[in-house]
Amino acid sequence: MRVSMDIELKDVPGQMLLALQPLPEFKANLITVLHHHQKRTPRKTVPVQLVLEVKPETIGAIKAKLEESGIRVVRVGEQRFRESINVILIGHVVHSGIQDTIDEIDKTGFAEVVELSLSMPGINLLSSALIRIDAEGKEDLQKALDILKTVSAKKDLLMVLPIDIHA
Amino acid sequence: MKTVRCSILGFGAVGQGVAEVLLMKKEYMKSIGLEILVVAVVDSKGAAVNPDGVDLADCLSRKRTKGTVGVEKLTAVEVIKSVDHELVIETTPTNIVTGGAGLQNMLAAFETGKDVITSNKGPLTLKYKELMEAAKNSGSKFRFEATVGGSMPVINLANEVLAGNRIKSIKGILNGTCNYILTRMLEERASYKDILAEAKELGIAESDPAYDVDGIDTACKLVILANAIFGLNVTYRDVEVTGITKITPDALEMAYERGHVIKLIGEVSRERIHVAPRLVPINHPLDVRGTLNVASIDTELAGEITVTGKGAGPIETASAILSDLVAIYANQ
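Protein chains in written order, with this note's numbering: chain A, 12 to 178; chain B, 386 to 717.
Honestly, the hints are just simulated from the structure, not real lab data. Worth double-checking, as some hints may not be accurate.
Label pairs and their calculated CB-CB ranges [claimed, not checked]:
| # | chain 1 | residue 1 | chain 2 | residue 2 | range |
| --- | --- | --- | --- | --- | --- |
| 1 | B | G616 | A | L129 | 41 to 47 Å |
| 2 | A | Q110 | B | E689 | 38 to 44 Å |
| 3 | A | K50 | B | E591 | 56 to 62 Å |
| 4 | A | R93 | B | V546 | 35 to 41 Å |
| 5 | B | R643 | A | R86 | 27 to 33 Å |
| 6 | A | E79 | B | E689 | 47 to 53 Å |
Being a predicted model, the structure only gives us computed values, none of them experimental. Cβ coordinates follow ideal geometry from the N, Cα and C atoms, glycine included.
Using the sequences provided together with the hints, build the complete structure.
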C-alpha cells in the first residue's frame, strides 16, 4: 500500500539520511520526498513529507525506528488518491450548474474535484473551466470520467481529455 | 525503359501539382527506368488527349490562363474507356456524400483493367470494400497514400516499411487547417472566429470550413486507415466525431499553463475510431505546430513510430502520388 508520512527533522546536518536509513530494512519503496527546508514548525524543526510504498504490517516498525532516532513522526496516513487528471470543459459551464457537476463526482467517494479554474468572458460567450480530478486508482478515475461524460453530454459541454486517457 | 501511359483526372491544385512534379522528375524517372507518358488530362470542363503524350507545360499554362485544360468535350469516364493507358491518376475533389466523379472514375478504371493512384478520399471513405474488390477482380493496382497526411507517409509506412508488425493504434493530427487555427488561437489569445477569418484569408481554410473544423476530414482519413491498415470495413458513420469550433482561447491558455496544448486528435484502433480535441503535453511527439500533420503509429514490435510533415499543398500531395507511382512500376 501507499502511505504518506509527515515527519519533522532537527535542523542539523545528516537528519535526512537518518530518516531514510530504516527504509531498505523494511523493503519500503520511497516514492516522493518533500523537504520543506525553508519552513519551520513552532518546534523549530523542518517538516518533511514522505510517500512510501510499504507492506502495511511494517508501518509500525518503521515509525518506531524513526522515533528511536529522534525523528518526530507527526502523521501517517494511507494515501487515498493516486491518480490525477486535468479536464477542460467548454460551454455554459456556470449556468448549467458547475456545482452540480462537481457534486456528481465528489459523491462517489472514490474521486474528488480538487481544483477548478473558470473563465467567463461574457454573457453570450462560452465559458471554459479546467478541473482537476483526483481518484483512488486508475479504474476509479475512469469511472469518474464516465460520470463527467454523461453530465457533460446532458449539459452540452465539450469535454477535452488528455491524450493518454481512453476517451 | 518502361513506358507508363497515364491520365490525370481532375486538374485542380493537386492535379496541377502532379503535372509539375512529373515535369520536374522526368530525368529521375528515366534513371530508374521509367518514362511516364501523360496521354490525357481532364478537368470538369473538358479534356486534352494525345496518345503520344500531351504537353504538360502547355496544359498548365492553358489551365492558368483559360481556367480549363479542355480542348475536347470529353468526360473523364469517356477518356478512361476510349483512350489506351495503364494508369489513372485520380485527383478530382473529395465528395463524401456520393463519392462524386472520383468514384465513377475509379470504378471505370478498374472495369477497363487500369491501375489507379488517387488523392481523393471520398470514394475510399464510402466504398472501400467495393473498390478493393473491383481492383482485385481486374488485377489492377490501387494506391492512395496521398489521401492521408499529404506528403507524410502513413499507409505505406505501416503496410510496407513496417510490414510484419501488428499495428495497435494510430493517433495523430491529420488536418492542417485545424492545427493552424488551434496553434494561432493560443499564440494570439484570439477567438476561433478571428483566427478562422485569418486562415481563410491565407487560403488555409476553405470558404465553407465545416468539412475541416467539424472534424469530418480527419474522420474520413481515419476511415481509410481503419480499412487499409487495420483491415476493417467501416465508413464515416462509424466514427465518433467532435470538431474544434467550441474551443476557446481561455481553454487553450488554461491548458497551456498546466503544460498542455489542445489539438484535434484522430485515433484509430481495431476497437474504436474517434476524433476529438485532446490535451497533449507540450513537447509530446504529437505537439506539432502550424499546419503540420503528425501520426504516431503504435506497433507491436517497433514500439511507437512518429512521422510528421506537410499535410496539404499541391507539390507535397503530388510527392505522395509519385511515391505510389514508383512503388507500382519501378520494379515491374
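Structure-based check of all given hints:
1. Here the CB-CB span from G616(B) to L129(A) is close to 46 Å, well matched to the stated 41 to 47 Å.
2. At roughly 40 Å, the beta-carbon separation of Q110(A) and E689(B) lies within the given 38 to 44 Å, and the hint holds.
3. Distance hint for K50(A) and E591(B): a CB-CB separation of about 58 Å, consistent with the stated range 56 to 62 Å.
4. Separation of R93(A) from V546(B) is about 40 Å and conforms to the stated range, judged on CB atoms against 35 to 41 Å.
5. One distance hint, 27 to 33 Å for the beta-carbon pair R643(B) and R86(A), holds here, with the actual separation near 29 Å.
6. At roughly 49 Å, the beta-carbon separation of E79(A) and E689(B) lies within the given 47 to 53 Å, and the hint holds.
Against the hints set out earlier in the document, no violation occurs for any number.
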